[in-house]
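Visitor: What follows is each chain in one-letter form.
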Amino acid sequence: MNLKFNKMNAKIKSILLILTIGLLLGFTSKTDDTGNLTISFNHFFKGQKIDFTSEFVNSHDEKIKFSTLNYFISNIKLTKKDGTSYSIPQDSSYFLVKESEIQSKQLHLKNIPKGEYSGITFTVGVDSVRNTMDIARRTGALDVGGTAKGMYWIWNSGYIFFKMEGTSPSAPDQQKNKFAYHVGGFGGYNTKTINSIRTKEFETNGLMVSRDKNPVVAINVDLAGMFDAHTPIKIAERSTVMWGDISTKIADNYISCFKFFNLSYK
Amino acid sequence: MYLIFFLMIAFVVASAFVIDDDQPVKIVVPSNFPAPVYNLEKNKITQKGVELGRQLFYDGLLSIDGSTSCGSCHQQVSAFVQQDHDFSHGVENRIGRRNALPLANLIFSKSFFWDGGVFNLDLTPVNAIENEVEMGENLDHVLKKLNASLLYKARFKATYGVDSITTNLFLKSISQFLATMVSANSRYDKYVRKEGEVLNADELEGLNIFKDKCSTCHSSDLFTDGSFRNNGSTADFRFDKGRHEITLADADIGKFKVPSLRNVEFTGPYMHDGSLQSLEEVLEHYNSGMKASASLDPVFKKRDKPGISLDGNEKRKLVAFLKTLTDQEFLTNKKLSEF
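Here the protein sequences come in this chain order: W and P.
Counting along the first sequence from 1, when you hit position 236 you're at 236 in the UniProt record's numbering, and nothing is skipped either side.
Counting along the second sequence from 1, when you hit position 206 you're at 206 in the UniProt record's numbering, and nothing is skipped either side.
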């Protein structure tokens, strides 16, 4: 009895604490000191908007139709001219962008301290900490039984950072002309493995965050570069990539496809 | 006034927790075992949680067509491998490419599967569920089925006080059951822990030969050092490159996880490909049947023909010793069985 009472006491205390913190946070976020920011991703292939019905041609003269285009964006950080920076809190800094879901291409970031930011940094992929964290904390975009469906390697624990699939006459007939590029690898847990985590930084001069401004940073991703930016990737030679040394080269290719387009306010 | 209201809410929330507080289950670490690797702090084991995990483990609902449960391939009578199968059989009789691994003492393991591709016990069930040749399902669909089941909704509510079944709680429940699969009461254990068990002369000599010739890899009372090695069971790695498939390192082609030898009397056929049928065949393999390849372990290269010399007597004594690792309590424990 006594034991149970003590236990309850401890629980009340901790709950009180949590509620108080929550309340405090609730108050502060209502003040004028923060604002919102949207990052918007638009997908192109040689300047033409990507959709799942049109045919595209890469620089190796290979015809392509896409059926899947997904990637993770994480660890978003905003930097200021004076060298200081603001990192979006870990628990709200993971996003799965999918060509098939319009809303997923707009990342809404909330409660950002007001001010002028001169740069944005983010990772395409999922850092090793989240790749190895207790499943209780892998919620939202990282829920392997929810949003992250199909974006997790079950046999080789880790998230698939970037997934591009489709058909091309250059892919083998016996594969029904399908190609698939699944890129991941966070560097390994007990043993070193491939690392495909790539980070991108943009200048965003004049980006103002405040309560009454809603800035939108548009980023254009022209995926033609996935096939040729640094290392030529020919569907005829390599139609399926799941886990291999080439994965890191593909990551180098696609990271260079992310380009700052413009800054607007809505 | 505000504060009183606040305290009232806190009290209601807190008492809900206390009522749901289920009997905690203490996982006793056997005195001859190392400390667990699995973080039991992050998954508080309770009676109800284990019971729920057991029900999930034996439920075909986890597979695409309802036909296959974890227990179909991991059967208690054979120390949780699939009896008499070299490659495991899953849904629609599809055949996997590897021999099932016995399930025991998993919370002491650093990595899982023959290639060590998974390093967190909580994520091992997803591997089976989503593997096309095992259960052929999708985790999100399994969660939908569970959330549509009145029975499971009630059980999760009673266990965790929740209204919806999440990835986390589903996987943690299975882990709770897996965590209770501790095999540490074989005759050998009772002998080393000085609990009044005696081994006969053959068994004792077998133990000494084992310490001399086998324990570099099958080390500690877990009977594995958790490393990846090539013991020459095959030299054909076209369809299964083992550890290399994870690390992509050439030196790892053909290396597989050193398996524990607990209950080894019942876990045959043996090796990742199920290529050896009996313990006698295994020992003859170490003596004369080894297939050499680049990554073959240096331990076996100490004589001209690769292997470890074992004469007839030594083999007989080794088998006698290996059988002392049989844990009858574990194999018949009602708490681990389907019914």
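Hints in this document: simulated from the structure, not taken from any laboratory.
Glycine included, C-beta positions come from ideal geometry on N, C-alpha and C.
Do not take every clue at face value.
Pair by pair, the computed Cβ-Cβ distance ranges are [claimed, not checked]: (1) Arg238/W <-> Arg303/P: 37 to 47 Å; (2) Asn333/P <-> Arg137/W: 27 to 37 Å; (3) Ala236/W <-> Asp311/P: 29 to 39 Å.
Derived list of chain P stretches under chain W, where covered just means 3 residues or more per stretch with a C-beta under 8 Å from a C-beta of chain W [claimed, not checked]: (4) 58 to 68; (5) 131 to 140.
Visitor: State for each hint whether it applies.
Guide: Evaluated hints:
1. Taken as a hint, the range 37 to 47 Å holds for the pair Arg238/W and Arg303/P, whose Cβ atoms sit roughly 44 Å apart.
2. The hint said 27 to 37 Å for the Cβ distance between Asn333/P and Arg137/W, and at roughly 33 Å that hint holds.
3. Evaluation of the 29 to 39 Å hint for Ala236/W and Asp311/P yields a failure: the beta carbon distance comes to about 58 Å.
4. Given as covered by chain W, the stretch 58 to 68 of chain P fails the check, having 0 residues with a CB less than 8 Å from a CB of that chain where 3 are the minimum.
5. Check result for the stretch 131 to 140 of chain P against chain W: holds, 4 residues qualifying (beta carbon to beta carbon below 8 Å, three or more required).
The structure fails hints 3 and 4 (numbered hints given earlier, in ascending order).
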